[in-house]
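0 is the number of the first residue of the sequence shown in numbering that gives the first Met the number 0; add one for each residue after it.
No lab work stands behind these hints, which were simulated from the structure alone. Glycine residues also receive a C-beta, built at the ideal position from the N, C-alpha and C atoms. Keep in mind that the hints are not guaranteed to be accurate.
Beta-carbon label-pair distances, calculated as ranges [as the list claims (entries may be wrong)]:
hint, residue 1, residue 2, range
1, Asp11, Leu162, 33 to 43 Å
2, Gly70, Arg124, 36 to 46 Å
3, Gln14, Arg39, 17 to 27 Å
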Amino acid sequence: MYTIHATKKLRDRVQAPLHEPIEAPSTALGDWYATALFWRPQVALFVNEATLLPVLAPLAPAKTLADRFPGHLEAVLDALGTDPRFVAAEVAATVAAWWAKTASRSVVGTMNELGFLAEADRANRRSEDLVSMAVHLAATPCGPLYERHSFPDRELEAFVATLLPE
């Protein structure tokens, strides 16, 4: 079980009950932040709290977004070449989510910037492939990761390496 910290515009679409954030998520990556991108069709942007890894998913139908998220997470992790053992364990652990309000302004700020970059990427590449767009966004330097690995994809790689030493 883990928490999806959603912006008000996404919470209005999902209409799920709000809970207090889970103190000890069952997922290795921990909690996620999410917002709605009002494209045609509408998209949800998820950003991992620990690694700032972005995941894009179709918003409709909004009521099933949390149920569909693990499949989109798996597609992005696979596209990034993440260890299959980690992918399987993480996807299995993301079976149940609680919705909560956003709590970290830093993660929300990063999520907003990634949303702007996704919009520009979509306009320039004319691509509707959400997985390739998420992989492209994961290679974007993020200020909060400056002291560590600077990029969400590198942060994820280092994070997984600490959990699955070779």
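* Okay, which hints does this one fail, numbers in order? -> Checked against the structure, the only hint that fails is number 2, while the rest are satisfied.
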